[in-house]
Amino acid sequence: MSKPLEVFTLVESMFALDGGAMFGIIPKPLWMRTNPADERNRIDLACRSMVVRYEDYDVLVDVGMGTRWNDKERDIYKIVGSTPEVKPLNVKHVILTHLHFDHAGGLSFLNDSNELQATFKDAKHWVQRANWGWAHTPSARDQGSYRPEELEIFEKGLAEIELIDGIAEILPGIEVLPMNGHTFGMQVVKVTTESGKVYAHLADLVPTTSHLRDPYVMGYDINPLDTVKEKREVLYEAAKSDWTLVFGHDPKTDMARVEMHDSVPKLVQA
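For the sequence shown, the residue numbers in the working numbering are 4 to 273.
It cannot be assumed that every hint is accurate.
Estimated spans, in silico, between C-beta atoms of each pair [as the list claims (entries may be wrong)]:
hint	residue 1	residue 2	range
1	Lys75	Ala171	37 to 47 Å
2	Asp21	Lys159	26 to 36 Å
3	Ser5	Asn44	46 to 56 Å
4	Pro30	Gly160	42 to 52 Å
5	Asp265	Pro151	26 to 36 Å
6	Leu113	Val271	18 to 28 Å
7	Gln120	Lys75	43 to 53 Å
8	Met263	Glu118	49 to 59 Å
None of these hints come from the bench; they were simulated from the model.
Every residue, glycine too, gets a C-beta built ideally from N, C-alpha and C.
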């Protein structure tokens with residue numbers, strides 16, 4: 004099988020989260036310069052999927068928020084949009100960076116008869132075994148980020164799940180790199196195309212371009228010091244090897260490259 008022909012991104016939906024939670028220890032006057040908050044202290048975020056196109060099929064990395072939200076939840080998270088761009092794709096594989104609701108919510112939907120359906124019923128779904136286990140038994144600290152209903156399609160046999168153990172090349176040209184700072188078993192998805200260009204979906208390791216520098220770590224991360232270490236390593240390799248980075252939550256920037264200046268990552272045009 005040949006390597007991917009191209010990589011592009013789609014925004015499944017827009018939503019919002021508390022700015023303080025998104026920037027952890029960083030004071031509000033600093034993060035407000037790049038990510039202004041609304042009257043409820045929320046900042047705008049995207050749910051950005053990466054599409055890896057082969058000759059005969061597509062691979063989708065992350066599926067966004069989906070449609071299974073009530074009016075109260077939609078208001079809390081300021082959800083706008085839901086999967087219109089991904090439906091025409093010829094998706095044969097879905098790679099989940101992790102199973103938090105803003106990355107895995109689009110796995111399923113309810114049809115007109117209120118019956119549960121898999122969004123990509125003919126696709127194989129890939130997730131790290133460590134994250135699969137953690138999603139079933141999360142800590143009290145992060146259990147709100149996982150929703151049991153996201154896993155129903157697998158438990159009911161409506162879709163196929165493939166669990167990955169660590170670093171692996173799961174498809175030609177697609178490698179997964181586990182990270183444990185944000186949550187156990189999250190994975191960065193690295194893609195090398197037929198032409199040799201390298202892309203990496205950073206998921207919540209670097210959710211927006213505002214999170215490039217070391218201390219800019221989310222309050223949601225369960226192991227923030229690990230996030231700092233993992234981020235340094237990935238961004239160093241990305242700068243050294245000229246990767247194009249995909250930012251899963253940045254409201255404006257989908258892809259960019261980075262360069263290191265005195266060990267500080269700087270954004271450059273993709």
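Inset, instruction - Could you tell me which of the numbered hints above are not met by this structure, giving the numbers in increasing order? - result: 5, 6, 7
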